[in-house]
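Engineer: For reference, the chains in residue letters:
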Amino acid sequence: MRKLTYIISALLLIGAQQVDAQTPKGSLLIQHATVLTVTQGTLEDTDVLVQDGLIKKIGKDLSASSKVETIDASGKYLMPGIIDAHSHLALDVVNEATAPITAEVSIADVINPFDVGIYRALAGGTTIAHGLHGSANAIGGQSITMKYRYGTRNPDDIVMKEAPRTIKFALGENPTRVHGRGKNIQPRTRMGVEAVIRNGFNEALQYKENWKNYNSSKNQKNSNAVPPVYNLRLQTLADILDGKIIIHCHSYRADEIYMLINVCRDFGVDKLVFTHVNEGFKVAPELAKYTMGASVFSDWWAYKFEVYYSTAYNAAILTENDVVTSINSDSDELIRHLYHEAAKTQRYGGLTDEQALALITINPAKQLGIDEYVGSIEEGKQADLVIFDEHPLSVYAVPQMTFVDGVKYFDINEDEDDQRLKVSPTEMVEPVYLQAEEESCMHGVELFTEGTTFTHSH
Amino acid sequence: MIKRLTILMMGICLMGIHLVHGQSDHTGHRRVTGTYAITNATITTQPGKQLSGSTIIIKDGLIQAIGKNETIPVDAKIIEGDSLFIYAGFIDMGSQAGVEKPEEAKKPENFDPSNPPNDVAGITPERSVLDYWDISDGSVGDWRKVGFTIAQLLPKGEMLPGNAALVVYGATESTNVLDESTGLYAQFETVRGVYPGTTLGLMAKYRELYKNAELKDQHAQLFASNTNGISRPEKNKSLEAFYPVINKQVPVIFEAKEELEIRRVLKLQQELGFELVITDLEEGSNLAQELLEANAQVVLSLDLPDDKAAEADLKEATEAAKSAHKRVVEAYNSSLANAGKFEKAGVKFGFSSNHVKQEDALKNLRLMISHGLSEEGALAALTTHPAQILGIDNFAGTIEKGKLANLVIATDSIFSEEAKINYVMADGYLFEYDVTKSKKGNGEAKNLTGKWNYTSETPGGTSSGEIRFSDKSGNLSGEIDVDDPNGGGTITRELENISYNGKDLSFTFSITVQGQKLTVSTKGKVDGADFNGTISIRDMGNFSLTAKKVPDLKF
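Chains as they are written, first to last, in our numbering: chain R, 1 to 458; chain Y, 1 to 555.
No farther apart than 20 Å at their CA atoms in a straight line, the calculated lysine to aspartate or glutamate pairs in the EDC-like style are these:
id, chain 1, residue 1, chain 2, residue 2
1, Y, 401, Y, 70
2, R, 212, Y, 214
3, Y, 451, R, 427
4, R, 56, R, 69
5, R, 422, Y, 258
6, Y, 211, R, 209
7, R, 208, Y, 208
8, Y, 308, R, 427
9, Y, 322, R, 417
10, Y, 211, R, 239
11, Y, 315, R, 427
12, R, 422, Y, 307
13, R, 422, Y, 259
If you are wondering where the hints come from, they were derived from the structure by calculation, not from laboratory data.
In this text the structure is predicted, and so the values were computed from the model without any measurement.
Bound conformation, chain R alone (with noise of 0.2 Å):
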């Protein structure tokens, strides 16, 4: 019935837009619930009206035409949408790890819309995941922001269009084993991953100047000028210097963290995330004094020697220290449970019901600059909402619908046996996975690991 819905809506669309093709946006007026805002506090017995993928009306008493379908959340809850700030979900490939900057690569190119994976985290309820590039470099590539609209065939489709543009940088023991011990190449150790992402940044700088010297001469009279070589990677680190791009910087080691702001302090860039963040709560002022926040593991650790100091107070700790905190999951089974990630930081550290769930909606939204359209429920911002049969901080709870503009993607009571979009016609029983790294940072690199120890590796 969904992919119904979705494939007439799509109809519709293509009919009336061929050009500016849009996603599919619905409408409905859900009655009744206990509305956790996030931003507004909560409200019970409330009634929220979406229109053409918005958040119409928050209130008491709303009516819709006699078109729009009406549910009645009686007794359920209502949240935004959960937002991943780092997964590497529905992703054809991870790491291009054969360099230690590859800036110039864009996860938008490699996005899987048949993923199963994708059905499977809105049925827990998230709506949003940051698709990123794999932590084997210094610098790897773009990343990009995905709104899980499951059931379209076309990538560019669960594309968050307005989400700004963002990069995955990573520190310490990935890019050092993967280029150092790997491939016998900087960065073989902490300092040089700091030399490599200087010398990045320098290089840019350089390459600016240069296309700058060029475009400014070109048209003037009996001009000599010929076209510098283009250079993809640089302009990226110079896109990323003119502050267009996020970056979202896998880390550990609070002396590590504390390095890449003094990096960025050097270059002006303020806008950066740090991701993972074990020992955050070390440098927790500093974080919230110089960037936009931390996405941390609720209570993952010692699975390496680098973040063996770590504590599941990590996400309390930075969010009383005022940083922007967000719970990730990196996983493709966490993504279908975050709100337990978040409640448990209710019992490590006794956040607030609206700080837990921040950590999943709002906070999130702002890391990923998407905090003006999503991750609280408030008249205007778009319409991705999770209805849970308990309080989503209870041990209890389940996700029951989830929407995404409007569009409701999953309906626990029309689940089907089968979700897949696409079957292979010759693979009688799908592979399944079982190695972690299947679905961690440091997926597909295992040929620059071999003979390592490490079992784990995110």
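Assemble chain Y onto chain R, guided by the hints.
Structural biologist: Relative to the frame of chain R, chain Y by itself:
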């Protein structure tokens, strides 16, 4: 004594050769006549147009006349075509028959995998496939036997292997080249362990190469028009190979089998604006509209997936397994219906033989026809459409007076099960095939099909891997995983010359060691799920090879 005997024998041998040379035709290959008459045949001059009881006269590589009452030249070799069906020679839009893969580029000293030279990274758009083509290679003959007379040759390699060319499968003495540089071939394939290593890097690198080619072209033009004070543009053969693409003189021929690959190519084309041929599509009829809008030419693969679902044993399957199976069957049927759907959507397409075995080509076409492709559409995709797409319809694609003498002559209507190709004429040269020869029996091939784990003892130590056999209507095929003799993991080699009578099994496969091709022959006996045999490599001796069949998984 021995020495003298040898010299004597050599002398005798040379005399023998010399006798053959003692004629006006130095090679002894020259044909008696280049004039042919095929009489009283059923001729499909182009899709949908059939003449019965007609005669075709061929002279000097051209079709000279077609009709009911043509005068047969005195020097013509006459072929009685009373029960024969004649079609225009097929045109292959993408072939690698007779094309050799260039040797791997040498890595420079102090090699940095993050910044490899272009040739090491599989970027050699300046290469011409013709430099690596050998018409006397057996596979050219194999494809001619299927009815292909003209082919667009695609170079072998990785990301940008080189330029395609158009050839006719005529005599081995001729050059057979119809056109050079017919397109820049591109693939989603990268060299292991160097940049670009994945689709991510490949797309970025492609964009960068394209943009830099545009800039270099600008620079070169600037230099040519106004040398005073303009710095000399550095030569760069890879970028210069893009100039004809940038100037829209030739298309990029991009291989994209699956839907997401097709979409990725369309994305690049939309960004950069080159003329596009997408080749080897195995799906994508749902993208027909997008392809039409992009003005992309479409080449479908002649390959089809194996019908694995048909082999599944569902007797004890759960309901969930049964419904999953149903979806696999649907997906399989949908693959077979792809060509028919393209036809209905009004997309003109040709076919590519790349990645398909020649014995499957006509069989697969029949499967496509039974799943919705019209016979006319299938024939058009083999003749008129590729001729139009390649811009050679003035001399190829139909049977018309004045066109090149490329013909397929079959014993029955070409897409019927009974049809056998009796003759193929290419470039006016006639090739005859014995249609009475029956297919070699493969005994109880079913016992063999599936996976086998083998172990082999060689002086180099014990090696093991997998052998996989499959059976398509009595034709056994197979592949083997072997340790790469050049290091770095395993490689998969196709099995050749498979022979199996229910008991004795033999096959060969080839590996390349330090640039030298070695043929490995395997033979032995199959007893239930066990195989005991030997492998032999010339000049190296015999070694043992045993294998055990992996039980089939059942639901």
